[in-house]
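Participant: Protein sequences, first through last, are from chains H and U.
For what it's worth, full-length UniProt numbering labels the leading residue of the first sequence as 1, then goes sequentially.
For what it's worth, full-length UniProt numbering labels the leading residue of the second sequence as 1, then goes sequentially.
Be careful, since some hints might not be right.
As the list claims (entries may be wrong) - With a cut-off of at most 27 Å between alpha-carbon atoms, the simulated BS3-like pairs for lysine-lysine come out as follows:
1. H:Lys454 with U:Lys427
2. H:Lys108 with U:Lys303
3. U:Lys473 with H:Lys108
4. H:Lys45 with H:Lys85
Treat the hints as calculated values from the structure; they're not laboratory data.
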Amino acid sequence: MSSQQNAGVELCSFFIFNSTFGPREGEEENKIIYYHPPSADINSKVKDVGLVEALVQFSRTFNSESPLLSMQTLKQKHFFLEPEKDFFMTLVVRQPVEEVIRNNSPYKEYTPEAVQQSVYLSVLRHMYQMYRLLRGTLAAQSREELVRSTAEIFDSYVPVLRLQQRDIRDVYGGVRFLSLDRLAFLKLQSFVNQLEVLHPFIRHSVIYYKQHLTWSGLGKTNMGIIHWYLETVLFPECGPERPAVWKDRTTPTSGVFMSTEASGDGTDSFLAPPIVHLRKHNCTALPLGGAADGCSRDGDDSWNGGDPVEATDERAQLVLYRLRDVVVVLLVDLEVRLTLPLCRELDASMAGPVQELSTLLSSAINDDKSSGKDDGDTKLIYYNRCNRAQKSSLHGPTAAPVPSDALQLMVDLREDALRFQGDGGAIFGRAMNETWVAGRVNPNREFFSVVQQKNMNLMDVNNEMEQLCKDQFSTIFFPA
Amino acid sequence: MCHAAWNLVPIWTLCWLPLSPRLMMSIGCRWASAALDQLMGASSTVAAPATQRHGSEEQLVTLSGVMQALVSFVQDSGDSLRALRTGDRTIAFLSRPPLILVAVSRGPENVHQLNVQLFHMYYQIPSVCFSHVYYQILSVCFSHVYYQILSVFLRRASHVILSVCFSHVYYQILSVVTKSQLTRISEQRRNFDFRKLVSGAERFLDQLVAAVDARPDYLLQAVQCLRLEQAARDAVVSAVQSVCSKIKDLVFALLISGDRLISLVRIRSHYLHPTDYHIVCNIVTSTESFKTVEGWIPICLPKFDSSGFMYAYVSYLSEECPACLVLLTADRESFHALAQAKSKITERLHQNGTAQQIAAAIENGDYPVQETGVLNMRHFMYKCKSTAQSTCPSPSMVYGSPEGRRRLYALYHIVHGRVHSPARPLKTYYFAGSHELVVGWVSPGFELYTVFDPHVSQQTSITEMNRLLRWIKDHERRVFILSSPVF
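Using the sequences and the accompanying hints, generate a full structural model.
Facilitator: The structure is reproduced here in structure tokens:
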């Protein structure tokens, strides 16, 4: 019942292998593409891979169509993902240990419930998507290339996985939007149009303000992947070296260009930003007002199971430009060399409008905050599958954090609601410590809240929920 | 294959033919196939021979070989395999050397619940092995050298043969089938084929699989009582007490109908655990021969004492009253005394009309949910925690069909699993969907699970549940056994 229950969640290992790389006896080592921690000896690496191969075979005897998802042992949980045919990614997580008193003597007990399948499978899926974003599909590369490229990506990323902090937000993988008034929206749109017309080599542009997405020219799958990537490597200022800032040493520009990948070493004469692989079928945003179509699972499949393997991805250079609290993400044609004069030109055309936008957006974000008043006892998370919008007050910077029990219960209840019937419903659970978790799940939208007031009964919580819906999402219809 | 060096009596070698070195695999195989009844998932409420339904024995041997390998592989790294999850199945492993029990489910059970089910299986093993071995030895005896000796006893009465035979092979058998000795034998004789031990006992396990799958009392770990007037129950108790009080070493006297308890008289300071009760019921209901002839079987009640056996005298009361009297004793010589006691009890119950009342109650069966007067409620399960007794009505029209019933128990499994989650137990659980409204409510005294029509408001559901609690309180003398009489 401790609130730090998943504090003990720890990464044991993470590995990628392909059985077809070492089909013969004695060649097992070749199957391994990437293994973390690298210090493990080769025998244990081969053994781990062998176990997963056996488990996959075993589970196929029951239903060859249904993928193996996880294995639970006394101490660990293993999560499996086969993102492309014959390629397996495995994440091994140690379960936290709790001291319990049994028969008057202290006793250590593992708590498998603290490591939730849907959360960590999502983490694994995000890891694949990030790899694919930066290096393309696994199948397109030779074994040697894979060994090198996976090491480049995962060596720096795996140590900062922060498995303890994973929760329902990872399951959703949503994007925080900043809602704008008409004026701000038009200003933003005209800025983006102008920019893209002035520099036709810009294929797509995305704009963030204080980690809130304010404009995106990408489809939701690509947007989701890029958002998660930026959130992981850029926003939390996590990596010690990144983001690397390219400075124009001769003429100071107003904003800064940044790189998220250490590999993109810029020289003095030109920048070499990382190249990203975008899903082709989902490159452009839906036209405005075309939301009805947005609910189709087209292009969204990667979030709900295996990824479709496409022959080619669309490649583009990822250029990040930051000025004040605004981050402009530009996806630029491969052929364009980002020389210093070009950067200076970009800076010149962006600096003025971005500064103006920044002022406009800061008032927008204040409006947004005041409408979503932070009620100390009630926390909520909202997710819209159609546009990936996510709103959350679970991790406010000021208020007391929501206990991990409640966060985990949220994932549990969400799973239950979908198990009862495919189209979900309203679900409520009261924990032993009187914390209520209430939610509404339907195929397109989900909404969960944690109510931590004492002496609430079911009806009170339901009223509270209704009030919240009214306050926060007055325009959204929730059945039941 | 008779190893003279073992220096065993002939019976022994006849029974325990050492087989191929597939040994541990076949152990896994046997138990896998029993538990694999769940392989076909929620649709497996009807038990059929596992091997027929789930492929050839060859396949099972391979499969269990793999399972054995997986379990020992994980064990080598100082861990133990608990469960696998695929897109549509949960596979739970319970390793109790030398046995590995595996449940494959496509149903709503979570890993924890599957483990509880496997424990049910596991607890049943000593009893089924033992009683089965026992019959097997009998048949061997009849056709071989021991025939001569045994036939002497045969002329007296069937049960005598049993007890004599019993004393003959008692120690050998015991060394195989009690928990500790099971381990020893498998370590000493690596190529021992356990299937010999349990072939023919499938019906117990099949029945058990079907029961844990579909009966609320297994889920709740509670005992369900037959609905009966208090006076009738008291009459049974007083009949049992007056007849049995002088019989030494009698531990429990139960009158049951199917899985419903009619009355229980116990020895002072000992209680019958619901798990043990379910084992008794399962053995009684899955043995057809008890319906025609009284029986005398050794039985292991693991919650009572997992290292030893008791002896059960089992007999249905009479043609007119299909209730079954089970007398559990520690004295292996008391068959005669118990048989006499049974006829006295039967006579008394017939004389004062109680037997007829019981027969009528059995005839009536479960009550429909409408009888409670609660509106819009489709079904409920109620467990009284202090007495570990439960009550539930017969499934209403909506859940009348086999699929409907499966859906109902699937709902209960989900709610029960969440409410009793080891890490995050809940007090209240409420789900409102377009098909039904499901509520789970755990208080210090009781657990209540209800299913309402959809679109019933929260206010109504709470009012109606309170009304139901009042009804249960009013009728508790009929639906529960409130007293706990002793000999």
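Participant: Now tell me if each hint is right for this structure.
Facilitator: Verification of the hints:
Under the criterion of a C-alpha separation no larger than 27 Å, the hint pairing Lys454 (chain H) with Lys427 (chain U) is consistent with the structure, at around 14 Å. The hinted pair formed by Lys108 (chain H) and Lys303 (chain U) meets the criterion: a straight-line CA distance of about 24 Å does not exceed 27 Å. Between Lys473 (chain U) and Lys108 (chain H), the direct Cα distance comes to roughly 41 Å. Violation of the 27 Å bound is thereby established for this hinted pair. Note on Lys45 (chain H) and Lys85 (chain H): the hinted pairing holds, with a Cα-Cα distance of about 21 Å set against a maximum of 27 Å.
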